[in-house]
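As a plain string of letters, each chain reads:
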Amino acid sequence: MSTTTAPTEAADGEIGRARLRKEDRRLLTGRTRWTDSLTLPGMVHLSLLRSPVAHARLTNIDTGAAKQAPGVVGVWTGADLPEQGQMPTAWTVSEDMLTPPFFPVSVGAVKHVGDIIAVVAATSKEEADDAVELIDVDYEDLPVVTDPVAALADGAPLVHPELGTNVCATWGLDSGALGTGGSAAEAIRAAEADPDQVVIRRTLRQNRITPAYIEPRSIVVDPTAEQVTLWSATQVPHIVRLLMAMTQPVAEHELRVIAPDVGGGFGGKLQFTREEALVLLIAQRLQLPCKYTESRSESMQSSHHARDQVQELTLAARRDGTITALEVKLTADMGAYLGILTAGIPLLGGFMFNGIYKIPAYNFHCTDVFTNKTMTDAYRGAGKPEATFGIERMLDELAVELDLDPVEVRRRNWIKREEFPYATVAGLTYDSADYDQATDRALELFGYDELRAEQQRRQSSGDPVRLGIGVCTFVELSGLAPSRVLGGLNYGSGGWEHASIRMLPTGKVEVVAGTTPHGQGHATAFAQIVSDELGVPFEDITLITGDTGMSHKGMDTYGSRSLVVGGMAIVGAARKVVEKAKPIAAHILEADVADIDYHRGKFSVRGTQSSVTISEIALGTWLAHDLPDGLEPNLDSDNTFDPENFSFASGPHLAAVEVDTQPGQVTLRDYVCVQDVGVLVNPLIVNGQVHGGLAQGIGQALYEDIHYTEDGQLTTGTFADYLVPAAPDVPRFRTDTTVTESTTNTLGVKAVGETGTTAAPPAIVNAVLDALRPLGVRDITMPCTPVNVWTAIQQAAQQGQE
Amino acid sequence: MVSISITVDDVTRNVDVQPRTLLAHLLRERLGKTGTVIGCDTSNCGACTVLMDGVSVKSCAVLAVQADGARIDTVEGLAGADGTLHPVQQAFHEHHGLQCGYCTPGMLMRSVCLVRENPSPTEEEVREGLKGNMCRCTGYQGIVDAVMAYAQTAQEQPAGDADDMGGADDAYASGAPSGAATEEDR
Numbered sequence: 001m002s003t004t005t006a007p008t009e010a011a012d013g014e015i016g017r018a019r020l021r022k023e024d025r026r027l028l029t030g031r032t033r034w035t036d037s038l039t040l041p042g043m044v045h046l047s048l049l050r051s052p053v054a055h056a057r058l059t060n061i062d063t064g065a066a067k068q069a070p071g072v073v074g075v076w077t078g079a080d081l082p083e084q085g086q087m088p089t090a091w092t093v094s095e096d097m098l099t100p101p102f103f104p105v106s107v108g109a110v111k112h113v114g115d116i117i118a119v120v121a122a123t124s125k126e127e128a129d130d131a132v133e134l135i136d137v138d139y140e141d142l143p144v145v146t147d148p149v150a151a152l153a154d155g156a157p158l159v160h161p162e163l164g165t166n167v168c169a170t171w172g173l174d175s176g177a178l179g180t181g182g183s184a185a186e187a188i189r190a191a192e193a194d195p196d197q198v199v200i201r202r203t204l205r206q207n208r209i210t211p212a213y214i215e216p217r218s219i220v221v222d223p224t225a226e227q228v229t230l231w232s233a234t235q236v237p238h239i240v241r242l243l244m245a246m247t248q249p250v251a252e253h254e255l256r257v258i259a260p261d262v263g264g265g266f267g268g269k270l271q272f273t274r275e276e277a278l279v280l281l282i283a284q285r286l287q288l289p290c291k292y293t294e295s296r297s298e299s300m301q302s303s304h305h306a307r308d309q310v311q312e313l314t315l316a317a318r319r320d321g322t323i324t325a326l327e328v329k330l331t332a333d334m335g336a337y338l339g340i341l342t343a344g345i346p347l348l349g350g351f352m353f354n355g356i357y358k359i360p361a362y363n364f365h366c367t368d369v370f371t372n373k374t375m376t377d378a379y380r381g382a383g384k385p386e387a388t389f390g391i392e393r394m395l396d397e398l399a400v401e402l403d404l405d406p407v408e409v410r411r412r413n414w415i416k417r418e419e420f421p422y423a424t425v426a427g428l429t430y431d432s433a434d435y436d437q438a439t440d441r442a443l444e445l446f447g448y449d450e451l452r453a454e455q456q457r458r459q460s461s462g463d464p465v466r467l468g469i470g471v472c473t474f475v476e477l478s479g480l481a482p483s484r485v486l487g488g489l490n491y492g493s494g495g496w497e498h499a500s501i502r503m504l505p506t507g508k509v510e511v512v513a514g515t516t517p518h519g520q521g522h523a524t525a526f527a528q529i530v531s532d533e534l535g536v537p538f539e540d541i542t543l544i545t546g547d548t549g550m551s552h553k554g555m556d557t558y559g560s561r562s563l564v565v566g567g568m569a570i571v572g573a574a575r576k577v578v579e580k581a582k583p584i585a586a587h588i589l590e591a592d593v594a595d596i597d598y599h600r601g602k603f604s605v606r607g608t609q610s611s612v613t614i615s616e617i618a619l620g621t622w623l624a625h626d627l628p629d630g631l632e633p634n635l636d637s638d639n640t641f642d643p644e645n646f647s648f649a650s651g652p653h654l655a656a657v658e659v660d661t662q663p664g665q666v667t668l669r670d671y672v673c674v675q676d677v678g679v680l681v682n683p684l685i686v687n688g689q690v691h692g693g694l695a696q697g698i699g700q701a702l703y704e705d706i707h708y709t710e711d712g713q714l715t716t717g718t719f720a721d722y723l724v725p726a727a728p729d730v731p732r733f734r735t736d737t738t739v740t741e742s743t744t745n746t747l748g749v750k751a752v753g754e755t756g757t758t759a760a761p762p763a764i765v766n767a768v769l770d771a772l773r774p775l776g777v778r779d780i781t782m783p784c785t786p787v788n789v790w791t792a793i794q795q796a797a798q799q800g801q802e
Numbered sequence: 001m002v003s004i005s006i007t008v009d010d011v012t013r014n015v016d017v018q019p020r021t022l023l024a025h026l027l028r029e030r031l032g033k034t035g036t037v038i039g040c041d042t043s044n045c046g047a048c049t050v051l052m053d054g055v056s057v058k059s060c061a062v063l064a065v066q067a068d069g070a071r072i073d074t075v076e077g078l079a080g081a082d083g084t085l086h087p088v089q090q091a092f093h094e095h096h097g098l099q100c101g102y103c104t105p106g107m108l109m110r111s112v113c114l115v116r117e118n119p120s121p122t123e124e125e126v127r128e129g130l131k132g133n134m135c136r137c138t139g140y141q142g143i144v145d146a147v148m149a150y151a152q153t154a155q156e157q158p159a160g161d162a163d164d165m166g167g168a169d170d171a172y173a174s175g176a177p178s179g180a181a182t183e184e185d186r
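Chains C and L are the protein sequences, given in the same order.
Numbering (our numbering) for the first sequence: 1 to 802.
Numbering (our numbering) for the second sequence: 1 to 186.
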């Protein structure tokens, strides 16, 4: 749909055009190179024995029969691999954080269903699978804990007895101490004593979900060269290379990591995995190429999960709806181990619980807890959807308490356009937004008033199918990240991004980017940016990425950083090319450098008709027959960009649901959202990112749930049990955009990838509750499946009778 | 081992397979047809969908021996010999019906069959018809738009892919394997 405010970029540029994607053709014709499609001479296939129990000591592992099985080349347990190094975590959130032992192949004990016990290598995958069945393991069962709150109780079973506790770390943020606001505890005490204020306390649950990328993870390692080559279905080839070298027996300069075509990630492939490490270890042992591809069932057990928080929230407000304080107490489930960002994911939410609102006092406290479940880590939004859920659910609770319209209560608290840049109570500075304009547009598109009238009519007539309307006005931090900010959080890396531009003699351009795509359309969007900078046709620009041998420097793809940080690195690289070309242009045009003007690929002498194109200069530089003295014959450039601040995408999301109270079935009838993602580089890609995020957010709200039994068995371990939305499960989305340019980067862009997963769950749960509040329902467990809805209605009815 | 004869994208191959070998694995591991991909182990995701005698099947739910004598069409056979995209491919391109592209081979093959079975589907019928194919990237809107547009194109140019892909009538005559239909009850 059209934008409500015109993009500022002139229509003659590439930025802002809905270009069809460069990358589509090979994907549409099956000319793809997924990791699992690679086959090398002599390659052996690995299969893994994974733990069927959640917590046990491994008292005996008999691999004798497996070793004798047809086609088997080798079998290894953890004890057989003394060279394996501990898997790293890259974010030590506090000085007292406890990091448990975590090896590619378990040593002595298993801590969750899916933990790796042994590796089999065989000449075919079938033979490897068959041999795994022959491994005999004696398990001495140990007590299991799966609930993060129960794990904190005295006498709870310990996931890692050697740590003496299930508490991984605690972390807090207080606006009084930070100087960004008052003391939340004091403000809440004052509110409790003030008849003109209300204090609302709620405990909310963020369900455990999983990224569920459609391409299973796959790894191929070829040890037969100076550099070992590792192909992996990963979002982060540069990080994999570095962490592998820092923890396993291979040096950084002896390892090349390639992420070929990667079939989705969503944070699920933002990891350095045990499987990557063990394939390398076995390939080194055998000196043969090795491949391991996970089955979907293995993926569900061992690829990291996400969310899984208990949120104890306290909100104080005056009776006119003005918020006076917010206190957040989180219990966050780490699972059994720490992945690269596990412990820090909830902290990212700590900066966002205040949402788009002016909150004078804020306190955030998080306890990271170990349980006998698969580890959690990043998933599209990473901490921010959890925070948005918390605050947006509380805003609705406040509206109900004060009998205000949920949009109105938000409007009374949100930051006004003229107040940007706005320093928040959590210590961030929001760049730009106009929440009034975006929300007014969304309400109009949605037909909010008409829907409220229909809701009233149907409630009066006793319709058993109830209409619910849900609101969420989200904001999200994007563009990880200013390195100094990460340093302050003790994060294990910088947040810069790198790009290079290679000017080819024929005038074509190769862009080498440190961020790697897995569906986002980097090749298209980056070509649009470079085309505008260098005046080279869109078609003449190609992208090289995802290979540490060709794109040697990068921080990879996560946290909505590819455009906001990676795009800016490319802009900088392009401008360096122009600066290098200028003296050569002056030389060709026999003019002074100071008199050279540049615009979109054309260098001209000010006040004359005389000009030369960047393509001509590229060929002339390659020939190098006649260059100015002392200049290298090279226009290529490298640029590393470190952002000064984040950018903040925002916008209202509105959901209309029909809840059939008899079976508890929720049908999403309409969904409207208006995003402010800054300048749109490619509206087609922006829409696709919004739609995809929405479907995932809807999945969390209505369908998806990673469920463990009390003894730690995963009962939603396949796509038959874990319900990823299919086409009939989502409505036609109605979207629009408003544009306030980001002030933290010269492109004016904000991020878009994580908007849907952040905003949709609270919008939908608020809608379901809105439908059911007349029945006395005050809370509902995500996902809002028929059984959860039905249970909430029954409980409300019982409480009503008591 | 069992000897079978199978025609994949117009090339007939005689191969020996284990009785347990799945069609998906035969295509990928033995015949080099890596355009067809595998996304799950419960026949839910549909990424591996191909046409078997003109009818879409999940190739992970078909044994290779069941495909003896069959004609299999994969994503790699859709485009013309000159590289011209098939109308369904063109529609997915124009309507941003793909992002990472992993579900795309299955989506395309299912869409060909869907439109053949129902030449002018409503949006709801398209969504229902695709429910056995999961996409995690697009939220399905681009895909649904693409299939609707493809159906329109197919109506306007009736002589086309049906002849290239083994007609539906032929397929029903030869009998699609039971239990291998693309539509899955969720």
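No lab work stands behind these hints: they were computed from the structure.
From a predicted model like this one, the values you see are computed outputs, not experimental measurements.
Honestly, I wouldn't trust all of these hints.
Unchecked claim - A few chain L positions that, by computed beta-carbon distances, are all more than 10 Å from chain C: (1) 89; (2) 98; (3) 108; (4) 156.
Unchecked claim - So the derived label-pair ranges between C-beta atoms look like this: (5) C:194 - L:123: 27 to 37 Å; (6) L:155 - C:540: 52 to 62 Å; (7) L:155 - C:26: 43 to 53 Å; (8) C:583 - L:80: 44 to 54 Å.
Idealized CB from N, CA, C, for every residue including glycine.
These are the hints, each one checked on the structure:
1. Listed as a non-interface residue, residue 89 of chain L fails to keep its Cβ farther than 10 Å from every Cβ of chain C; the least gap is roughly 4 Å.
2. A Cβ of chain C approaches the Cβ of residue 98 of chain L within 10 Å, the least distance being about 6 Å, so the stated non-interface status is violated.
3. Residue placement check: residue 108 of chain L does not keep its beta carbon more than 10 Å from all beta carbons of chain C (closest about 7 Å).
4. With 10 Å as the threshold on Cβ separation, the claim that residue 156 of chain L sits away from chain C holds: the shortest Cβ distance comes to roughly 21 Å.
5. The hinted range of 27 to 37 Å is not satisfied by residue 194 of chain C and residue 123 of chain L, whose Cβ atoms lie roughly 53 Å apart.
6. The given range of 52 to 62 Å is broken by residue 155 of chain L and residue 540 of chain C, whose C-beta atoms sit roughly 37 Å from each other.
7. Between residue 155 of chain L and residue 26 of chain C the beta carbon distance is about 29 Å. The supplied range of 43 to 53 Å is therefore violated.
8. Distance hint check for residue 583 of chain C and residue 80 of chain L: the Cβ-Cβ separation is about 50 Å, which falls inside the suggested range of 44 to 54 Å.
Checked against the numbered hints given earlier, the structure breaks hints 1, 2, 3, 5, 6, 7 and satisfies all the rest.
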